[in-house]
Amino acid sequence: MSALAAPPPAPPSAPLRDAVESSGSWRITDRIGLAICWFLGLLFCAIAASIVIFMLIEGIKYVRPSLLVTHPAAGFGESDSGGFLDTLIGTVVVALIGVAIALPLGVATAVWLSEYGRPYALARVAEPAIEMIAGTPSIVLALFGSLIFSSPALGFLSRTSGGVVFGRSFFAAGAMLSLIALPLIVGSTREGLQSIPAHVREASYAVGKTKAATIRRILLPTARPQVLTGTMLGVGRIIGDTSIIVILLGATLTLNGVGGVPLLSVLRGTGSTLTSYVYQNSPSGEGNQPTKAYAAAFVLLLIVLVLNGAVEVVTRRARRRTGWSS
Amino acid sequence: MEFVTPPRVRRLSLDDEATVVLDDVAIDPAREEPGSGFVSAPRRKVAQASGAIDRMAVEQLTIAYSGRPAVRSVSLPIRQGEVLALIGPSGCGKTTLLRSLNRLTELNRATSTQGRVTLDGVDIARLEPTSLRRRVTMVFQQPNPFPMSVFDNVAYVLREQGKRRPKRKVVQRAVYDALGRAGLLDEVRGNLDHPALRLSGGQQQRLCIARALAAQPEVLLLDEPCSALDPRSTEVIEELIVKLREEVAIVIVTHNLQQAYRIADHVAFMYLGDLVEYGSGSSLFRAPREQRTKDYVSGAFG
Ligand SMILES: Nc1ncnc2c1ncn2[C@@H]1O[C@H](COP(=O)(O)OP(=O)(O)OP(=O)(O)O)[C@@H](O)[C@H]1O
Ligand SMILES: [Mg+2]
Numbered sequence: 001m002s003a004l005a006a007p008p009p010a011p012p013s014a015p016l017r018d019a020v021e022s023s024g025s026w027r028i029t030d031r032i033g034l035a036i037c038w039f040l041g042l043l044f045c046a047i048a049a050s051i052v053i054f055m056l057i058e059g060i061k062y063v064r065p066s067l068l069v070t071h072p073a074a075g076f077g078e079s080d081s082g083g084f085l086d087t088l089i090g091t092v093v094v095a096l097i098g099v100a101i102a103l104p105l106g107v108a109t110a111v112w113l114s115e116y117g118r119p120y121a122l123a124r125v126a127e128p129a130i131e132m133i134a135g136t137p138s139i140v141l142a143l144f145g146s147l148i149f150s151s152p153a154l155g156f157l158s159r160t161s162g163g164v165v166f167g168r169s170f171f172a173a174g175a176m177l178s179l180i181a182l183p184l185i186v187g188s189t190r191e192g193l194q195s196i197p198a199h200v201r202e203a204s205y206a207v208g209k210t211k212a213a214t215i216r217r218i219l220l221p222t223a224r225p226q227v228l229t230g231t232m233l234g235v236g237r238i239i240g241d242t243s244i245i246v247i248l249l250g251a252t253l254t255l256n257g258v259g260g261v262p263l264l265s266v267l268r269g270t271g272s273t274l275t276s277y278v279y280q281n282s283p284s285g286e287g288n289q290p291t292k293a294y295a296a297a298f299v300l301l302l303i304v305l306v307l308n309g310a311v312e313v314v315t316r317r318a319r320r321r322t323g324w325s326s
Numbered sequence: 001m002e003f004v005t006p007p008r009v010r011r012l013s014l015d016d017e018a019t020v021v022l023d024d025v026a027i028d029p030a031r032e033e034p035g036s037g038f039v040s041a042p043r044r045k046v047a048q049a050s051g052a053i054d055r056m057a058v059e060q061l062t063i064a065y066s067g068r069p070a071v072r073s074v075s076l077p078i079r080q081g082e083v084l085a086l087i088g089p090s091g092c093g094k095t096t097l098l099r100s101l102n103r104l105t106e107l108n109r110a111t112s113t114q115g116r117v118t119l120d121g122v123d124i125a126r127l128e129p130t131s132l133r134r135r136v137t138m139v140f141q142q143p144n145p146f147p148m149s150v151f152d153n154v155a156y157v158l159r160e161q162g163k164r165r166p167k168r169k170v171v172q173r174a175v176y177d178a179l180g181r182a183g184l185l186d187e188v189r190g191n192l193d194h195p196a197l198r199l200s201g202g203q204q205q206r207l208c209i210a211r212a213l214a215a216q217p218e219v220l221l222l223d224e225p226c227s228a229l230d231p232r233s234t235e236v237i238e239e240l241i242v243k244l245r246e247e248v249a250i251v252i253v254t255h256n257l258q259q260a261y262r263i264a265d266h267v268a269f270m271y272l273g274d275l276v277e278y279g280s281g282s283s284l285f286r287a288p289r290e291q292r293t294k295d296y297v298s299g300a301f302g
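Residue numbers (our numbering), protein chains in the order written: chain X, 1 to 326; chain C, 1 to 302.
Calculated from the structure, these hints are not laboratory results.
Heads up, the beta-carbon is just placed ideally off N, CA and C, and yes, glycines get one too.
Watch out, some of these pointers could steer you wrong.
From the structure, some residues in chain C lie toward chain X, with a derived Cβ separation under 10 Å [claimed, not checked]:
| no. | residue |
| --- | --- |
| 1 | R99 |
| 2 | F151 |
| 3 | A214 |
| 4 | P217 |
Stretch-level coverage of chain C by chain X, calculated; a stretch enters the list once three of its residues show a Cβ under 8 Å from a Cβ in chain X [to be verified]:
| no. | segment |
| --- | --- |
| 5 | 102 to 115 |
| 6 | 142 to 150 |
| 7 | 198 to 212 |
Please construct the entire structure, taking both the sequences and the accompanying hints into account.
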């Protein structure tokens, strides 16, 4: 007993060693590897920083608060082409529609795949199908969407003139954009659900809870940070998309409502978003007002940066919270 | 660094002829105080529980994972008023047997079951799984509180599923009662709203016991509940178990034979899926009838 209780005497003069050894003692190949890591790391930091700094400087020069609250107008000069209020609203509206469709659908799909996985064959097919949607270029989704939403059966979602369905509206664009966000939400939610140890589910069953109660009260609340992360990544993709907007939203300068019902008319009508506005005012677009393009791009970049920051905060908070033993 | 006295290692060979190989280890005679064999160690309970009532009966139960039996025709009574300990080497089917008692084994599609288990004379296969699991609750080896507050962890059990959730006031008494019965109330009274995952391991495990008790179970299953805990927390939980056995039938799986001896009224020794010996704690440890039991219990105590 006494022999075990006494700690072994420390060697007389053991020098203190840092936890991290100096790379000076490494082999030459390891040192070259380390140098490459440094180079790549700094390179990416430099690229990201130069994008942000360049856009900030260019944007700050041209962005004025009044731009955010005035409607765009057709004009040739910088002074008479107005602001981009409508496109800002357009961005928010497509993001809302996209999330309203993708979030419930994505979470339900993730729960099905992760918690039920049956019918087995269908689940096995659904997974690559979702991957395929994720991999489809959005211009292809846009073309596909224009095909669907021009069909007479869906005419009520957009403008119809003389029996021809226009097929372009916030509904159409939002629905197709939700497909961009969907795989991200499914993936992230699934990851969140699968990181919950099996014995936590069993602990819920072991006190007589049903699977539905377990999913609703334990699993989904636990996976909420991942659901949020996926949603915000999805929103980032939605508001950054241009091709679906140009093809399915019409990319009209202002919000052009259809019909008399207040909100519904906007949703059935056409409009544009910050991305399509930037595109049209870039030197290759019809508007060709680069200063406006810079200002709008600046606002877009700010929104995306805020979203990324929010994702970071949510994931960090979630990481601190977990603590199961396996 | 080297141990002056290396820890004792016991190997149990896994062929059918169970033989115990005791490593030749120099045991310092000075460390063995006279009469400190574990059979003379203090037992927690004062006397044999009086008036034990049969609650569950395991009858010729066989459970197989994808055709490979993990438990082979085991028959056992489970009584209220006493603690039943399941002991045996790793992989002998203790957890499988325990989980079959509230049909948790069914969650794994690869399992197949033969024989039957009854609760108060009714075959549990005929009971609704959720209502069975409220009557026969389980505590797991790893403390696994839900990622919510201490209060909500217990309240979750009380809130009926699907229907409107009762307000905090309604369940408060029952939550306090369960926490009190698990001996945790005094430690968490001030921070019932703190996240349960911030509690210490021992507190988390007692919270899991409180959770299992909140359902007002008739049988409580514990799968190595102390394996991750320090001696002090273990002692608290052992005392708790012995106290609880009057109201609840208790089945505990443990690798700690001293623990089984301290708290169990009856002990079941399993080996490779078979129930080798079932008997009262003192008879099984002091006078095992089977050679395999003798090897197992004597090996552990030297
Ligand atoms: N989910 C499973 N699928 C397939 N086989 C399993 C499963 N769980 C357990 N087994 C097998 O069943 C046998 C008994 O396992 P069990 O977990 O009941 O042992 P145990 O006595 O609890 O062991 P331990 O003391 O290590 O916890 C083992 O041979 C194991 O390989
Ligand atoms: Mg086990």
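Tell me, in ascending order, the numbers of any earlier hints that this structure violates. 2
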